[in-house]
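Q: Residue numbers (this note's numbering), protein chains in the order written: chain A, 1 to 322; chain B, 1001 to 1210.
FYI, nobody ran anything at the bench for these hints, they're computed from the structure.
Do not rely on the hints blindly, as some may be mistaken.
[What the hints assert, rightly or not] Heads up, simulated SDA-like pairs for lysine to any residue below, C-alpha to C-alpha not over 20 Å straight-line:
{"#": "1", "chain 1": "A", "residue 1": "Lys253", "chain 2": "A", "residue 2": "His118"}
{"#": "2", "chain 1": "A", "residue 1": "Lys277", "chain 2": "B", "residue 2": "Arg1110"}
{"#": "3", "chain 1": "B", "residue 1": "Lys1096", "chain 2": "A", "residue 2": "Thr299"}
{"#": "4", "chain 1": "B", "residue 1": "Lys1166", "chain 2": "A", "residue 2": "Asn47"}
{"#": "5", "chain 1": "B", "residue 1": "Lys1148", "chain 2": "B", "residue 2": "Ile1188"}
{"#": "6", "chain 1": "B", "residue 1": "Lys1008", "chain 2": "A", "residue 2": "Ser36"}
{"#": "7", "chain 1": "B", "residue 1": "Lys1166", "chain 2": "A", "residue 2": "Trp147"}
{"#": "8", "chain 1": "B", "residue 1": "Lys1008", "chain 2": "A", "residue 2": "Ala38"}
{"#": "9", "chain 1": "B", "residue 1": "Lys1166", "chain 2": "A", "residue 2": "Ala38"}
{"#": "10", "chain 1": "B", "residue 1": "Lys1166", "chain 2": "A", "residue 2": "Asp266"}
{"#": "11", "chain 1": "B", "residue 1": "Lys1109", "chain 2": "A", "residue 2": "His118"}
{"#": "12", "chain 1": "B", "residue 1": "Lys1008", "chain 2": "A", "residue 2": "Ala33"}
{"#": "13", "chain 1": "A", "residue 1": "Lys130", "chain 2": "A", "residue 2": "Ser159"}
{"#": "14", "chain 1": "B", "residue 1": "Lys1109", "chain 2": "A", "residue 2": "Pro276"}
{"#": "15", "chain 1": "B", "residue 1": "Lys1166", "chain 2": "A", "residue 2": "Arg282"}
{"#": "16", "chain 1": "A", "residue 1": "Lys277", "chain 2": "B", "residue 2": "Lys1008"}
{"#": "17", "chain 1": "B", "residue 1": "Lys1008", "chain 2": "A", "residue 2": "Phe26"}
{"#": "18", "chain 1": "B", "residue 1": "Lys1166", "chain 2": "A", "residue 2": "Lys130"}
{"#": "19", "chain 1": "B", "residue 1": "Lys1166", "chain 2": "A", "residue 2": "Thr92"}
{"#": "20", "chain 1": "B", "residue 1": "Lys1008", "chain 2": "A", "residue 2": "Gly40"}
{"#": "21", "chain 1": "B", "residue 1": "Lys1005", "chain 2": "A", "residue 2": "Lys253"}
{"#": "22", "chain 1": "B", "residue 1": "Lys1109", "chain 2": "A", "residue 2": "Arg282"}
{"#": "23", "chain 1": "B", "residue 1": "Lys1166", "chain 2": "A", "residue 2": "Val278"}
{"#": "24", "chain 1": "B", "residue 1": "Lys1096", "chain 2": "A", "residue 2": "Gly295"}
{"#": "25", "chain 1": "B", "residue 1": "Lys1166", "chain 2": "A", "residue 2": "His280"}
{"#": "26", "chain 1": "B", "residue 1": "Lys1008", "chain 2": "A", "residue 2": "Gly29"}
{"#": "27", "chain 1": "B", "residue 1": "Lys1166", "chain 2": "A", "residue 2": "Ser36"}
{"#": "28", "chain 1": "B", "residue 1": "Lys1008", "chain 2": "A", "residue 2": "Ala30"}
{"#": "29", "chain 1": "B", "residue 1": "Lys1096", "chain 2": "A", "residue 2": "Tyr20"}
{"#": "30", "chain 1": "B", "residue 1": "Lys1096", "chain 2": "A", "residue 2": "Lys253"}
{"#": "31", "chain 1": "B", "residue 1": "Lys1005", "chain 2": "A", "residue 2": "Ala33"}
{"#": "32", "chain 1": "B", "residue 1": "Lys1096", "chain 2": "A", "residue 2": "Arg290"}
{"#": "33", "chain 1": "B", "residue 1": "Lys1166", "chain 2": "A", "residue 2": "Val263"}
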Amino acid sequence: MLIKKSDDINSSEITSEENYWNRRNFIRGAVLAGTSVATGLLYRQLNTPGREANKAEPASLPTTGGYVTPTGEAATAFEDITNYNNFYEFSTDKQAVARRAKNFVARPWTVEVGGLVHKPKTFDLDDLLKIAPLEDRVYRHRCVEAWSMVIPWLGFSLSKLLEQVEPMGDAKFVKFITLVDPQRMPNQRDDALPWPYVEGLRLDEAMHPLTTLAAGLYGKTLLPQNGAPLRLVVPWKYGFKGIKSIVQILLVKDQPVNTWNAVGPDEYGFYSNVNPKVSHPRWTQATERRIGEFGLRDTLMFNGYGDQVAGLYSGMDLKANY
Amino acid sequence: MPDIKFAKLAVLVNAAVPASLLFWDAYHHRLGTNPPEFVLHTTGTLTLVFLLLSLAVTPLRKVLGLPWMVQFRRMLGLFAFFHGCLHLLAYTWFDKAFNLRAIATDTIKRPFIFLGMLGFLILVPLAVTSTNKMIKRLGGRRWNRLHKMVYVAAISGVLHYYLLVKADTRIPLAFGAVLIALLAYRAINKFFPSMTERKPGRRPVMPTES
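Construct the complete structure from the given sequences, taking the supplied hints into account.
A: Take a look at the structure:
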């Protein structure tokens, strides 16, 4: 005969059914909450528009007026101008450039101006900026990606610099070159673009008073993400013509091959004048989104500077010379 | 066999997280400098992510030997469709201001828009026929054949992304690599089934009557 042994677990220690279900629900809740937080963090990590506070206020340069275009368009917010940049030397993500460029030191800096000139010279940046008084120039900025801004640049006409070095008669084009230094421009370790970044202008375009060498914006020196310490601004052309962090300016005989033209010859031409009638092969250029606005604006021929610059291209087929 | 009902709930909740955060950020004006572009890119990327996740279910369940994973496939596919709808809405609204003629022109003229539209249009019948009732009505074989179209949608979706990018193609290429791997698995499965079959464990031999 078997004598039934009493259970070694006291009946009082058995988890009640209610508690069993409570614990189960608690674990389930924890799993849901935990995985959701993890998913949320992953999403944030991969996909949040970075925004540098830009707390380090750039050193002030002398400044004059308010920031509105002659047509009454207000300048885009400083925050936006300094957090949304195409500067592949730092990152191909427009919203990551400010963060990646934060530690870029743009001093000391020299700019070599040479090639077909009578008086070639390597300028120290501070000397170069004394060639002419810096002016506030509020220009529309139209990116080839169909967004636009209004930017209060601080600079002077490139012609002032070119006059100093006296171009020779057979100089027909100006070639601009950006710094190459993967230590300071980390994305140059990747081959997103062939380095150095190169741009070019026809000599008459380069001598046009609108063509600006900019050293600042909003009355302050340029932050690295905007092309410190010296960049080109050609307001009637797509933004990529405005080469940043320039170290070399050469006068040459033949039309230079600019970087984007080399990368995508059928998409980015040498001239790259803003032209609503010639679409990019992949998107329309007829409209643009002004940063800070929700709706679309019609893109203007020569970005609205036709009165001043159309004469440079009279008789030229702008569809063929895009 | 895990608790399928709960596992499905967990997938549902997690899959809803990115879009919820996107709406939350939009409400709080935290979408960066170009919010329309940010919404467009995020919804587009999420469409591809969920499309690839839904395509990863079959290889994963076979490789890992977890047949119940198939239960997630429909939900992941529907999430791809959901984000695709948001993406198309964002494009129609932000980029084209509901100008249907401009959208039609864009679709005909621009290969990357055409591919995006094609991918989305393929997802529509797949989403519509995703219910149990429709599976029954169509019959398993016809339903399966129809839903093979998801491969075309995924290929057009990835190409759509690749063609849009200006120079740095690393991310679209990564999506392409994952898609190729997932499709390659299916090709191998079809033409060399022995390579992907799991070795069957020893089964008790049924006594046969002689």
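Q: With reference to the structure, classify each hint as holding or not holding.
A: Here is how each hint holds up against the structure:
With a C-alpha separation of about 14 Å, the suggested pairing of Lys253 (chain A) with His118 (chain A) holds against the 20 Å cut-off. Distance hint between Lys277 (chain A) and Arg1110 (chain B) is fulfilled; the C-alpha atoms sit about 16 Å from each other, no more than 20 Å. With a CA separation close to 14 Å, the supplied pair Lys1096 (chain B) and Thr299 (chain A) stays within the 20 Å bound. Annotation: proposed proximity of Lys1166 (chain B) to Asn47 (chain A) holds, straight-line Cα distance about 19 Å (limit 20 Å).
For a cut-off of 20 Å, the pair hint linking Lys1148 (chain B) to Ile1188 (chain B) stands: about 16 Å separates their Cα positions. Between the alpha carbons of Lys1008 (chain B) and Ser36 (chain A) the distance comes to roughly 13 Å, so the proposed pair stays at or under 20 Å and holds. Of the supplied pair hints, the one linking Lys1166 (chain B) and Trp147 (chain A) holds, its CA atoms being roughly 14 Å apart against a limit of 20 Å. Proximity of Lys1008 (chain B) to Ala38 (chain A) is assessed by CA-CA distance (about 17 Å); at most 20 Å being required, the pair is judged to hold.
Distance restraint check for Lys1166 (chain B) and Ala38 (chain A): the Cα-Cα separation of roughly 32 Å exceeds the 20 Å cut-off, and the hinted pair is therefore not satisfied. Note on Lys1166 (chain B) and Asp266 (chain A): the hinted pairing holds, with a Cα-Cα distance of about 12 Å set against a maximum of 20 Å. Under the criterion of a C-alpha separation no larger than 20 Å, the hint pairing Lys1109 (chain B) with His118 (chain A) is inconsistent with the structure, at around 50 Å. Using a Cα cut-off of 20 Å, the hinted pair Lys1008 (chain B) and Ala33 (chain A) holds, with the two alpha carbons roughly 14 Å apart.
Annotation: proposed proximity of Lys130 (chain A) to Ser159 (chain A) holds, straight-line Cα distance about 14 Å (limit 20 Å). Of the supplied pair hints, the one linking Lys1109 (chain B) and Pro276 (chain A) holds, its CA atoms being roughly 16 Å apart against a limit of 20 Å. At most 20 Å may separate the alpha-carbon atoms for a hinted pair to count; Lys1166 (chain B) and Arg282 (chain A) meet this at roughly 10 Å. Restraint check for Lys277 (chain A) and Lys1008 (chain B): not satisfied, since their Cα atoms lie roughly 52 Å apart, outside the 20 Å limit.
Only pairs whose Cα atoms come within 20 Å are accepted, and Lys1008 (chain B) paired with Phe26 (chain A) is accepted, the gap being roughly 17 Å. For the given pair, Lys1166 (chain B) sits about 38 Å from Lys130 (chain A) by alpha-carbon distance, which is inconsistent with the 20 Å threshold. For the hint linking Lys1166 (chain B) to Thr92 (chain A), the alpha-carbon distance of about 10 Å falls within 20 Å, and the restraint holds. Pair hint Lys1008 (chain B) plus Gly40 (chain A) holds up; C-alpha atoms about 18 Å apart against a cutoff of 20 Å.
With a C-alpha separation of about 74 Å, the suggested pair Lys1005 (chain B) and Lys253 (chain A) falls outside the 20 Å cut-off, and the hint is violated. Simply put, Lys1109 (chain B) and Arg282 (chain A) have alpha-carbon atoms about 8 Å apart, close enough for the 20 Å limit, and the pair holds. Simply put, Lys1166 (chain B) and Val278 (chain A) have alpha-carbon atoms about 18 Å apart, close enough for the 20 Å limit, and the pair holds. Proximity of Lys1096 (chain B) to Gly295 (chain A) is assessed by CA-CA distance (about 9 Å); at most 20 Å being required, the pair is judged to hold.
The suggested pairing of Lys1166 (chain B) with His280 (chain A) holds, with an alpha-carbon distance near 11 Å, which does not exceed 20 Å. This hinted pair checks out: Lys1008 (chain B) and Gly29 (chain A) have alpha carbons roughly 14 Å apart, not beyond 20 Å. Distance check on the hinted pair: Lys1166 (chain B) and Ser36 (chain A) sit about 34 Å apart at the alpha-carbon level, beyond 20 Å; violated. A distance of roughly 15 Å separates the Cα atoms of Lys1008 (chain B) and Ala30 (chain A); the hinted pair therefore holds under the 20 Å criterion.
Between Lys1096 (chain B) and Tyr20 (chain A) the CA atoms are separated by roughly 56 Å; this puts the pair beyond 20 Å, and the hint is violated. Restraint check for Lys1096 (chain B) and Lys253 (chain A): the C-alpha separation of about 44 Å exceeds 20 Å, so the hint is violated. Pair hint Lys1005 (chain B) plus Ala33 (chain A) holds up; C-alpha atoms about 17 Å apart against a cutoff of 20 Å. With a C-alpha separation of about 15 Å, the suggested pair Lys1096 (chain B) and Arg290 (chain A) falls inside the 20 Å cut-off, and the hint holds.
Restraint check for Lys1166 (chain B) and Val263 (chain A): the C-alpha separation of about 10 Å stays at or below 20 Å, so the hint holds.
The structure shown violates the earlier hints numbered 9, 11, 16, 18, 21, 27, 29 and 30.
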